[in-house]
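**Student:** For reference, the chains in residue letters:
4 protein chains.
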Amino acid sequence: MTDSTRPAVNKVVLAYSGGLDTSVILKWLQQEYQCEVVTFTADLGQGEELEPARAKAELMGVKPEHIFIDDLREEFVKDYVFPMMRANALYEGLYLLGTSIARPLIAKRQIEIAKMVGADAVSHGATGKGNDQVRFELGYYALAPDIRVIAPWREWDLTSRSRLIEFAESHQIPVSKDKRGEAPFSTDANLLHTSSEGKVLEDPWDEVPDYVYSRTVNPEDAPDQPETITIDFERGDGVALNGVAMSPATLLAALNDLGRKHGIGRLDLVENRFVGMKSRGMYETPGGTIYALAHRGIEQITLDRGAAHLKDELAPRYAELVYNGFWFSPEREMLQAAVNYSQEKVTGTVRLKLYKGSCNVTGRKSPHSLYSEKVVTFEDDQGAYDQRDAAGFIKLNALRLRLLGRRDR
Amino acid sequence: MTDSTRPAVNKVVLAYSGGLDTSVILKWLQQEYQCEVVTFTADLGQGEELEPARAKAELMGVKPEHIFIDDLREEFVKDYVFPMMRANALYEGLYLLGTSIARPLIAKRQIEIAKMVGADAVSHGATGKGNDQVRFELGYYALAPDIRVIAPWREWDLTSRSRLIEFAESHQIPVSKDKRGEAPFSTDANLLHTSSEGKVLEDPWDEVPDYVYSRTVNPEDAPDQPETITIDFERGDGVALNGVAMSPATLLAALNDLGRKHGIGRLDLVENRFVGMKSRGMYETPGGTIYALAHRGIEQITLDRGAAHLKDELAPRYAELVYNGFWFSPEREMLQAAVNYSQEKVTGTVRLKLYKGSCNVTGRKSPHSLYSEKVVTFEDDQGAYDQRDAAGFIKLNALRLRLLGRRDR
Amino acid sequence: MTDSTRPAVNKVVLAYSGGLDTSVILKWLQQEYQCEVVTFTADLGQGEELEPARAKAELMGVKPEHIFIDDLREEFVKDYVFPMMRANALYEGLYLLGTSIARPLIAKRQIEIAKMVGADAVSHGATGKGNDQVRFELGYYALAPDIRVIAPWREWDLTSRSRLIEFAESHQIPVSKDKRGEAPFSTDANLLHTSSEGKVLEDPWDEVPDYVYSRTVNPEDAPDQPETITIDFERGDGVALNGVAMSPATLLAALNDLGRKHGIGRLDLVENRFVGMKSRGMYETPGGTIYALAHRGIEQITLDRGAAHLKDELAPRYAELVYNGFWFSPEREMLQAAVNYSQEKVTGTVRLKLYKGSCNVTGRKSPHSLYSEKVVTFEDDQGAYDQRDAAGFIKLNALRLRLLGRRDR
Amino acid sequence: MTDSTRPAVNKVVLAYSGGLDTSVILKWLQQEYQCEVVTFTADLGQGEELEPARAKAELMGVKPEHIFIDDLREEFVKDYVFPMMRANALYEGLYLLGTSIARPLIAKRQIEIAKMVGADAVSHGATGKGNDQVRFELGYYALAPDIRVIAPWREWDLTSRSRLIEFAESHQIPVSKDKRGEAPFSTDANLLHTSSEGKVLEDPWDEVPDYVYSRTVNPEDAPDQPETITIDFERGDGVALNGVAMSPATLLAALNDLGRKHGIGRLDLVENRFVGMKSRGMYETPGGTIYALAHRGIEQITLDRGAAHLKDELAPRYAELVYNGFWFSPEREMLQAAVNYSQEKVTGTVRLKLYKGSCNVTGRKSPHSLYSEKVVTFEDDQGAYDQRDAAGFIKLNALRLRLLGRRDR
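Protein chains in written order, with the UniProt record's numbering: chain D, 1 to 409; chain U, 1 to 409; chain F, 1 to 409; chain S, 1 to 409.
Because the hints were derived from the structure by calculation, they are not lab data. Watch out, some of these pointers could steer you wrong.
Any copy will do: because identical chains look the same in the list, a pair fits if it lies in one copy or spans two.
As the list claims (entries may be wrong) - Here are the simulated lysine-lysine pairs, DSS-like style, with alpha carbons at most 27 Å apart:
hint	residue 1	residue 2
1	K261	K353
2	K199	K374
3	K199	K353
4	K115	K27
Input sequences plus hints: build the corresponding full structure.
**Tutor:** Structural data, given as structure tokens:
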């Protein structure tokens with residue numbers, strides 16, 4: 001059954017979730033490529049037990065020293081989510097990029113393991129229609145230009161669910177009951193978000209059924225009392241919730257709890273995939289939604305206008321790069337350098353109110369505030385601002401328009 | 001008392017609200033400039049009776065034929081609000097530009113009246129610290145490059161509230177009781193929004209007191225049942241609510257009612273003024289908030305990715321231009337030309353859910369939809385998309401990163 | 001020999017130059033696809049006889065009514081070169097996009113012919129490493145989404161020059177003597193430019209040999225006397241040379257003659273291809289170089305600063321889109337709408353001096369000039385500009401920097 | 001004669017050239033402000049003797065310890081010119097910003113001196129119509145937010161040349177003969193460039209008279225033989241000429257000599273000033289023109305496409321900021337951070353040919369080259385690039401255009 005045209009592979013590191021699809025891939029790799037499979041399972045806060053993945057891998061003959069299960073939660077939030085949040089990145093104006101931002105970290109760790117165990121290939125379970133294949137593979141190639149990439153979904157003939165399950169059964173891969181029927185949609189989860197797409201979501205006119213949501217309560221079921229919280233920032237990153245210092249992942253997890261409780265961060269979106277099609281997704285980003293808004297809040301008083309507006313103009317590009325999988329690219333890193341430069345004084349406290357699906361900044365303060373009550377006041381400002389300056393300011397801003405008006409109007 | 005250094009003015013058109021400030025200005029202009037004053041009062045949907053302005057103007061000696069009261073609501077929404085909404089403009093990521101977008105229309109109408117009545121000057125009641133003076137005057141100068149502009153707040157010595165009231169009283173200008181004490185904040189209103197700033201809002205850490213809001217109920221007091229609505233768009237502009245065709249201003253007014261009822265569109269913001277300072281404002285944009293989200297919703301299925309992403313990159317610049325008062329500028333008009341070009345097929349229906357301060361798109365459909373269920377489906381797509389194409393797509397997107405990786409990593 | 005896995009093709013329109021490569025393709029298509037081949041040969045001013053292409057096509061059995069030879073020179077300059085010049089597009093800061101801009105027109109005409117003759121496929125002779133395949137095919141797909149595209153260089157096994165010639169000889173395709181040896185480089189030519197790449201140019205440190213240039217004299221051999229010319233523009237497009245009205249293609253051809261004579265428009269460039277690699281090219285754009293500079297010259301006095309700077313910011317993106325083959329894309333068309341809007345008053349005359357490889361604007365005038373000697377003069381300007389306005393202008397521009405300085409410095 | 005409304009000034013640091021204008025200012029400051037004047041004269045490579053400035057200042061009563069004459073040439077090139085060149089900044093597509101880039105350094109040094117000598121004010125000799133006043137003063141305010149700025153040209157009544165000379169003569173300020181008549185134009189010079197504007201240049205249709213040029217020979221008088229040179233770069237900055245290591249200022253000076261000899265770097269421009277008017281200037285940037293082209297040359301092989309294109313999109317904004325005087329602004333510094341990040345591997349050698357006014361890159365090489373002959377070759381690449389990948393690449397890039405085409409065409 002081995003395809004003799006396939007190039008020889010010695011050892012492959014598979015991004016392995018322990019689920020049905022990647023278990024089938026594991027077996028298929030062993031069989032088709034006759035190669036040793038190394039599994040890598042990342043804890044990114046998806047909220048699933050990971051040890052069963054170890055057992056399953058062992059069952060399928062993966063050597064114990066070839067089973068990697070890593071807790072990457074702190075690295076994920078500190079080195080991926082927070083830098084992206086500094087940029088106020090929103091894809092297509094609305095989406096907080098929860099799936100996109102996790103892929104480069106998985107790719108990076110997979111390559112590290114490949115180097116460690118001397119693997120010559122890596123593999124993943126993303127399909128050929130989606131963005132994730134691009135994100136994984138651009139990461140692989142950027143970090144290990146000569147690595148061999150195996151993307152089973154683009155290669156094999158298991159193109160329907162039933163053939164996949166048939167393969168699993170004929171290879172003694174356990175199939176849980178709920179996988180036998182067609183799942184009504186497909187999901188991805190990590191500490192930042194849960195996404196769902198496909199199946200019952202495929203008609204963008206149909207409302208997302210309530211059972212699709214898993215990370216947030218329905219706003220209608222959220223508490224009737226608003227809850228007020230504070231987040232402290234230091235140099236652009238969150239460091240405390242309600243005055244209690246927390247590590248990045250701990251902070252995001254705590255915000256997730258708050259967001260879940262108040263039904264915050266649901267998004268029904270039709271977006272443009274990098275591969276050229278539109279897709280409809282449902283996203284839940286409870287903590288991230290609160291965090292993103294809070295970050296803007298602290299920037300409002302600590303960032304100069306020039307910096308703020310430049311950031312606003314660069315943000316769509318930054319978001320596009322992350323979405324398209326170009327995390328490990330010089331241009332994303334250049335934008336990050338600019339963004340990071342701006343965050344030096346983005347330090348202070350933001351107060352927010354959470355209530356039945358909505359989240360609003362209600363106050364912000366900072367030792368580095370650029371807001372000057374003395375200058376802005378309607379009262380006597382004692383010379384802090386000379387209103388007559390405005391006359392000249394307007395006159396010279398108007399000069400080109402006047403010359404134009406004389407010519408054209 | 002006339003300042004002999006002031007250049008002679010024959011006739012001045014004043015943007016006149018009928019309130020205390022512009023009434024004092026009216027009198028002051030007559031006195032200081034010894035000139036004829038023409039008043040112009042615009043109905044932009046601010047929700048105030050305008051006829052009292054006529055009576056007051058007459059009382060101060062303005063000739064009946066020099067009193068202009070115009071209903072500009074349809075023009076405001078059709079030619080200013082809607083074109084701006086087509087651009088998805090948000091100032092500093094959050095603000096829907098409710099005040100900024102009204103100023104150019106007032107300026108334009110003032111200049112038209114000036115030409116009609118042969119006036120050589122125009123005047124407004126905006127202070128020397130704010131953005132509005134800039135917006136008014138850039139409009140004046142663009143449309144009538146040689147007009148004379150009188151900005152009393154930058155000229156006179158009535159620099160405190162008590163001196164203003166003293167002047168009013170000594171000139172028989174009626175002062176309503178509530179103007180005698182210090183107003184706790186200052187407001188601006190039109191069909192798109194109400195803004196408040198100053199006084200009790202001046203400390204950006206203090207929560208906005210509930211009595212500052214006037215256009216929306218507190219979300220906590222909003223109905224316990226969500227309400228679902230639809231908005232129809234044609235070529236980028238809203239044309240119907242719940243299937244009922246409406247004119248632009250009627251549609252926005254109806255959305256305002258819905259937004260008010262559900263507590264939608266409140267924004268507490270610290271923003272950067274064009275004149276160089278930060279200020280804290282509270283905005284209520286009930287209908288506009290719903291409309292803006294709906295517009296993004298219909299674009300999601302009708303705009304190509306290239307168009308959508310270009311729009312996203314241009315939007316911050318567009319918003320900055322509107323905010324800074326450059327509505328009548330070649331660069332805003334160029335951006336508008338690009339944006340308008342993109343809206344040709346932005347036609348269809350969006351469904352939204354309104355609930356206790358939040359507003360979410362729950363469905364969108366269009367006869368010009370670019371969303372293809374056939375292409376995106378997880379099921380067998382019968383050749384609509386060949387997953388193997390993705391391999392080459394990724395390989396060539398990765399090529400430069402691989403060359404880079406070989407050099408650097 | 002026919003590959004049975006190839007989908008059936010009935011009739012294919014081939015972009016046919018009459019040269020060796022496309023003649024081999026013609027034959028190969030007939031043989032491999034067993035289909036009728038329609039040839040299309042465009043006169044884009046490449047300066048070659050086109051009738052021989054007809055004879056060759058007939059010789060290979062193409063029906064006379066299936067041989068299309070069209071003079072597209074005027075359309076090329078008027079609808080492609082000029083609009084691009086309005087945008088001041090320069091790829092990577094230097095390249096005038098001579099090859100890129102011709103491809104969409106060829107693609108468009110090919111599709112028109114395909115529709116006319118009822119063809120179900122199109123084909124071209126671009127290789128799998130270059131940009132041209134992308135430009136052709138994006139054009140095809142945009143204009144005829146369901147057309148079948150055959151790119152022989154990506155399909156066949158004629159992967160070396162000798163195999164190509166072998167195929168030609170075994171199929172009675174005439175091979176001119178100079179094609180038998182390895183050509184030292186490959187070229188493309190049209191009315192805007194000639195490009196050369198490959199072979200002797202492949203090491204970017206080696207100087208381009210003089211024999212590679214064909215469109216311009218070596219500047220050292222150019223006349224010792226400078227020549228002064230004028231170009232008249234109307235609404236952004238050139239309309240006359242030295243006061244003599246000319247059609248677009250005639251004007252560009254006349255400028256080419258001038259550029260050739262004075263050695264103008266040579267460019268040695270290492271550029272980034274869309275497919276991910278760097279390549280080294282040599283370009284000669286004699287007339288286009290003069291024209292582009294002249295266009296900037298007339299814009300200098302007729303474009304407002306706001307319009308000019310927005311154009312400068314959009315130009316790299318526009319150039320990238322054209323280079324990458326996205327001429328028929330909404331985003332290029334949106335940018336064009338913005339650019340075109342700006343050109344309404346770009347009318348007037350530019351004077352240039354041509355001398356031994358260099359070209360400089362030495363004067364410009366316009367009935368719509370925005371340059372005001374009265375305002376700018378060092379002499380007494382009689383109140384056209386009040387220098388005291390500058391104080392307020394600076395003060396308010398400085399305000400945010402002062403607030404920042406108080407905090408940070 | 002002292003204006004009693006002027007605020008008291010104790011000590012002022014004047015940017016002093018030793019010329020007529022700033023000598024008059026020196027005296028006027030002493031007289032009008034009754035304050036101590038400190039003079040600061042910078043050697044930025046303008047090519048003038050600076051010691052006469054000392055003598056003149058002493059003559060007018062400036063204390064020896066209050067006379068500062070600093071050689072800032074190395075700092076100028078290293079910390080201002082080179083960082084700007086890394087960004088490939090060109091104002092309005094053509095101008096290398098020679099005047100703009102010198103102003104922030106002068107401002108910075110003036111503020112340093114003010115702090116050293118305890119001055120409470122600074123002053124400069126720029127007029128109220130130009131950009132330089134803005135550049136100086138934005139620099140002052142950014143670095144010393146509470147400094148007092150005296151701009152005599154915006155204050156005094158010496159508004160004509162004859163009144164200025166009259167003032168000079170009545171105060172024993174020596175007036176050189178050539179200053180008595182009207183100078184035919186005004187100039188600024190430093191190591192990067194010489195600019196001229198005004199008077200005989202005021203009509204943008206008139207050709208710049210030959211006597212206006214001072215830094216370059218007329219190309220027609222340049223050597224008949226081309227000269228070939230090499231420049232070495234390290235991390236984005238020039239470090240050697242023809243293999244000889246040089247400091248930044250030495251390198252630029254040597255390039256100036258070469259540029260002068262070959263007539264390189266003349267530019268006749270109508271530009272848009274920040275204060276709102278158009279002006280016509282003549283610039284000579286001999287060494288800078290060569291350097292800028294060489295920098296692009298080395299970037300061509302060492303910068304990745306993503307980095308290069310992002311730089312191209314940011315460059316117009318960067319140039320605008322420098323031109324407008326916002327060197328010391330967060331947004332310029334953010335852009336610089338992005339640019340600097342990109343320059344890490346911009347190391348190598350560029351070869352250029354100089355000939356009668358033109359300068360062209362003829363070769364470039366680098367130990368960090370990203371150019372891969374193996375990938376790009378027309379010959380057999382032995383698998384470095386799989387041409388079939390291009391099919392998928394094009395197919396997915398085309399997908400959205402096809403969906404669009406199906407809808408619209």
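**Student:** Is the C-alpha distance from K199 to K374 at most 27 Å within one copy, between copies, in both cases, or in neither?
**Tutor:** Result: close only across copies, 12 Å inter versus 58 Å intra.
**Student:** Between K115 and K27, at a C-alpha cutoff of 27 Å, which is it: within one copy, between copies, both, or neither?
**Tutor:** within (22 Å within a copy, 50 Å between copies)
**Student:** Classify it for me, K199 with K353: is the Cα-Cα distance of at most 27 Å met within a copy, between copies, both or neither?
**Tutor:** Between copies, since 22 Å is at most 27 Å while 35 Å is not.
**Student:** At 27 Å max between alpha carbons, let me know whether K261 reaches K353 within a copy, between copies, both or neither.
**Tutor:** both (13 Å within a copy, 20 Å between copies)
Every hint from the earlier list agrees with this structure, and none is contradicted.
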